[in-house]
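Q: For this one, chain A is given, so just place chain B on it according to the hints.
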Amino acid sequence: MSRTIDAVVSPTQTNTIPADISGQMLDLDEDDDLEVFSKDLTLADGNMFNASMPTSPGSMVNQCKFEEDEESDSKDIFITVDNPESHVTAIETFITYRVLTKTTRSEFDNSEYEVRRRYQDFLWLKGKLEDAHSTLIVHPLPEKFVVKGMVERFNGDFIETRRKALHKFLNRVADHPILSCSEDFKVFLSAQAWELTTYKKQGPGFLSRMGETVRAVANSVRGVKNRPEEFTAIQEYVEDFSNKIGSLDKVTQRIVKEQKEYLEELKEYGPTYTLWSGSEEELAEQLKGVAGCIERCCKETEEQVGHLSDTLVPVLHEYVLCAETLKAVLRRRDNIQAEFEAKNEALATKKVDRDAESSDLGFVWGSLLGKNPEEARHQRQERLDGEIEELKEEIDKLEDRVEWANNALKGDWGRWQRSMRGDLKSAFLSTAEKNVDYYEKVRYKIL
Amino acid sequence: MMADSGPKEVAVIGNTELTSAELDNNIINTMVEIEKGTSLLRKMEISVAEAEKRTGKNTVNMQEIYTVYLIETRPVDALTEGITPDSLWRRYSEFELLRNYLLVTYPFVVVAPLPEKRAEIVWHKLSADNMDPDFVERRRVGLENFLHRVASHPVLCNDNIFYIFLTEDKDWKEMVYETGFQAKADSRLKAVNAAFRVKNPDGRFTELKHYSDELQTVLSQLLRVRARVADRLYGVYKVHGNYGRVFSEWSAIEKEMGDGLQSAGHHMDAYAASVDDILEEEEHYADQLKEYLFYTDALRAVCRKHELTQFELEMVALDLACKKQQKEELVTGTVRTFSLKGMTSKLFGQETAEQREAKLQVLEQQLKEGEEAVKEKNTETDEFVKTAWVDIERFKDQKDRDLKEALISYAVMQISMCKKGIQVWTNAKECFNKM
Numbered sequence: 001m002s003r004t005i006d007a008v009v010s011p012t013q014t015n016t017i018p019a020d021i022s023g024q025m026l027d028l029d030e031d032d033d034l035e036v037f038s039k040d041l042t043l044a045d046g047n048m049f050n051a052s053m054p055t056s057p058g059s060m061v062n063q064c065k066f067e068e069d070e071e072s073d074s075k076d077i078f079i080t081v082d083n084p085e086s087h088v089t090a091i092e093t094f095i096t097y098r099v100l101t102k103t104t105r106s107e108f109d110n111s112e113y114e115v116r117r118r119y120q121d122f123l124w125l126k127g128k129l130e131d132a133h134s135t136l137i138v139h140p141l142p143e144k145f146v147v148k149g150m151v152e153r154f155n156g157d158f159i160e161t162r163r164k165a166l167h168k169f170l171n172r173v174a175d176h177p178i179l180s181c182s183e184d185f186k187v188f189l190s191a192q193a194w195e196l197t198t199y200k201k202q203g204p205g206f207l208s209r210m211g212e213t214v215r216a217v218a219n220s221v222r223g224v225k226n227r228p229e230e231f232t233a234i235q236e237y238v239e240d241f242s243n244k245i246g247s248l249d250k251v252t253q254r255i256v257k258e259q260k261e262y263l264e265e266l267k268e269y270g271p272t273y274t275l276w277s278g279s280e281e282e283l284a285e286q287l288k289g290v291a292g293c294i295e296r297c298c299k300e301t302e303e304q305v306g307h308l309s310d311t312l313v314p315v316l317h318e319y320v321l322c323a324e325t326l327k328a329v330l331r332r333r334d335n336i337q338a339e340f341e342a343k344n345e346a347l348a349t350k351k352v353d354r355d356a357e358s359s360d361l362g363f364v365w366g367s368l369l370g371k372n373p374e375e376a377r378h379q380r381q382e383r384l385d386g387e388i389e390e391l392k393e394e395i396d397k398l399e400d401r402v403e404w405a406n407n408a409l410k411g412d413w414g415r416w417q418r419s420m421r422g423d424l425k426s427a428f429l430s431t432a433e434k435n436v437d438y439y440e441k442v443r444y445k446i447l
Numbered sequence: 001m002m003a004d005s006g007p008k009e010v011a012v013i014g015n016t017e018l019t020s021a022e023l024d025n026n027i028i029n030t031m032v033e034i035e036k037g038t039s040l041l042r043k044m045e046i047s048v049a050e051a052e053k054r055t056g057k058n059t060v061n062m063q064e065i066y067t068v069y070l071i072e073t074r075p076v077d078a079l080t081e082g083i084t085p086d087s088l089w090r091r092y093s094e095f096e097l098l099r100n101y102l103l104v105t106y107p108f109v110v111v112a113p114l115p116e117k118r119a120e121i122v123w124h125k126l127s128a129d130n131m132d133p134d135f136v137e138r139r140r141v142g143l144e145n146f147l148h149r150v151a152s153h154p155v156l157c158n159d160n161i162f163y164i165f166l167t168e169d170k171d172w173k174e175m176v177y178e179t180g181f182q183a184k185a186d187s188r189l190k191a192v193n194a195a196f197r198v199k200n201p202d203g204r205f206t207e208l209k210h211y212s213d214e215l216q217t218v219l220s221q222l223l224r225v226r227a228r229v230a231d232r233l234y235g236v237y238k239v240h241g242n243y244g245r246v247f248s249e250w251s252a253i254e255k256e257m258g259d260g261l262q263s264a265g266h267h268m269d270a271y272a273a274s275v276d277d278i279l280e281e282e283e284h285y286a287d288q289l290k291e292y293l294f295y296t297d298a299l300r301a302v303c304r305k306h307e308l309t310q311f312e313l314e315m316v317a318l319d320l321a322c323k324k325q326q327k328e329e330l331v332t333g334t335v336r337t338f339s340l341k342g343m344t345s346k347l348f349g350q351e352t353a354e355q356r357e358a359k360l361q362v363l364e365q366q367l368k369e370g371e372e373a374v375k376e377k378n379t380e381t382d383e384f385v386k387t388a389w390v391d392i393e394r395f396k397d398q399k400d401r402d403l404k405e406a407l408i409s410y411a412v413m414q415i416s417m418c419k420k421g422i423q424v425w426t427n428a429k430e431c432f433n434k435m
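Going line by line, the protein sequences match chains A and B. For the first sequence, the UniProt record's numbering gives the first residue as 1, with consecutive numbering after it. For the second sequence, the UniProt record's numbering gives the first residue as 1, with consecutive numbering after it.
Next up, chain A with everything else stripped away, as it sits in the complex:
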């Protein structure tokens, strides 16, 4: 990548967008070596809403009272994910996390549950929720594994990042008015390991799910004809948002990388002053002072980088995943509508058929077989009528489905936007605060 000096932007230009900086400065698409989960994430205290680590949901009660007021008034379920442990069996090694639930909801038999779950179980839950509510927006799970870059699955930082994301996932589900009432969710939180396994085995079999998939593919190929304007608008927004958040994710990771390289050089810089002070008399103390300062700067920089990695990077990454979820949700909604439209078309065709003047092959056959033309026509009309009735019923159902899907999405969309704003705002805010803090500390140290 090239860095040239002509990318300087005058701060007095308030309205021009410096469109050329990225092209010259930084070719984001070429950064193939960006690791999604950096190995050097330090274990700083998380600043994310919901992400602090109390040892039990009980202490979370107190915490929630100070946080966002929107949902905490009526919050009646508290979930924590912590305590990762590794399990070794003959076939595989995997990590389980402890899921602790404290609730006053009536549908739960107890008020407290403690279970252990592995990543696969979370995947299962997400799948079930999406199946049952295909046009609701379910918060994303952390990715299965990182494709780019070699990351060991059992690396401590990776596990910690994943734990935080799983924690957030469950809490988002719990906050969702519809999703949190899901039976699957309840089972996930409360069942013992073997109970869960049995429960998982129930439900639609393989073949019926294949059928679903085939239909979905067919529908998506067919495409939707009359998408309501608002959903088109949402789709456009999601496209743009996805781009922007993806860029922000890359930019932030790039900043982390640059900061780390800066830190490396800084670590060499300080000791050189110390070395120099060894040859001097009058200047020795001052030089040592400078060396000490630089060292303290190093510490502050390290902290700042850690904070960035812990706070901003995961949130941005989450929303990259969210954008993908949104795209999927919109697609599913489209598919539902496509199916509905297809059936409508089929109905129209059948109606045309029924009302058509008879002179079709069946009639000819019928006459060949010695059937009464009148009777044949009547039979055919009856058959078509029957089919039409069936279709109408199906269509009614589909119409309901479409309607419901649309409403669900619309409702959820608003929620999601608010969440997104809240999350990103707080992440950036916290980053800015941290930066201010960093400069203050460094300044103080120099003085």
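All the given hints hold, so there is nothing to weed out.
As a list, the in silico EDC-like pairs of lysine to aspartate or glutamate whose alpha-carbon atoms are at most 20 angstroms apart:
#1 B:396 <-> A:285
#2 B:404 <-> A:280
#3 A:351 <-> A:382
#4 B:399 <-> A:280
Hint data in this document are derived by calculation from the structure and do not stem from the laboratory.
A: Positioned in the frame of chain A, the structure of chain B alone reads:
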């Protein structure tokens, strides 16, 4: 960097009988005389005002482009404030010539270094191109600094060639060559040879040589690492500029968050842009360090000269001792050491008394000359050590003062950088709050 205190009053001495008070006065007067001579800078404003490109034919008759610098001088006087200064143009090679002349003519002085001929140890942003305007500008400042250093040096400022360099346009080069300084220059080979074979150099000079080597190593390293740190810092700041761009684009698709994002984006742009000024200022600090890096060469030159004079003294003394021994052998007739003389006398018989007498006479003459030579060399060496050490002390004080100041101003720069950072991020924070 400024030199000594101002001139004091000159008292008139009437009678020849001096009381102790008047003796003191005399001393003060002498000091005044010295001080008045010490600083040319007191009397003259010197500046390297501009730089220009010229084309011309060089020694092999090829076209070349070079830069010339305008030297302006003006007497320091309240009455001449408004008068246009005298000026002439000089190119870098002439400065080099001047410096070489000073080095040879005043070998006991730690002569200030010139700025870099070519840009080395630069960090990424600055090009290594000699024609680059930033480089030319920094060289201009460096040349001015050089002239100030020489003009405020108690010995160098009185040099005529230097004065003419500043004031006479024509024929200066010829004048310099006419001084024959090039003949006086010690060959490098001689110096290296002396460095190896000298037996009793003054310990202080040996120490000084070590110090200058250490200083050179550490300053080179420091400058290199600083350049790398600057490079990285540049990267960090500039990547934030991308935030500016993306925030702007993103704000276009958001409703509630739009304004907050847009303004935050502007602050990110400002942040990214601020690094240019920051690093420009740091270059000044780097230049100050560089000057002292180059000073180490001058220090070593003085040490080498000492080694050379000391070596020459030792050689002359050795020669004298040799001759003394020869005389003794001749007088006593004993041949203590193996010599061709001894061999031939054994082979061809002893020489006659007359021959011996003649030889003795020659030797006596040589001995006398030898003793004179030793005395001379001794004086020379002592003189050199004395004057050199005075200048070295002066240099040490100057160095401590200058570098202390440089470090302080570097710290101030860092603090200012932090203040800017605080401001930008506080503003950004407010914008994020509005999201």
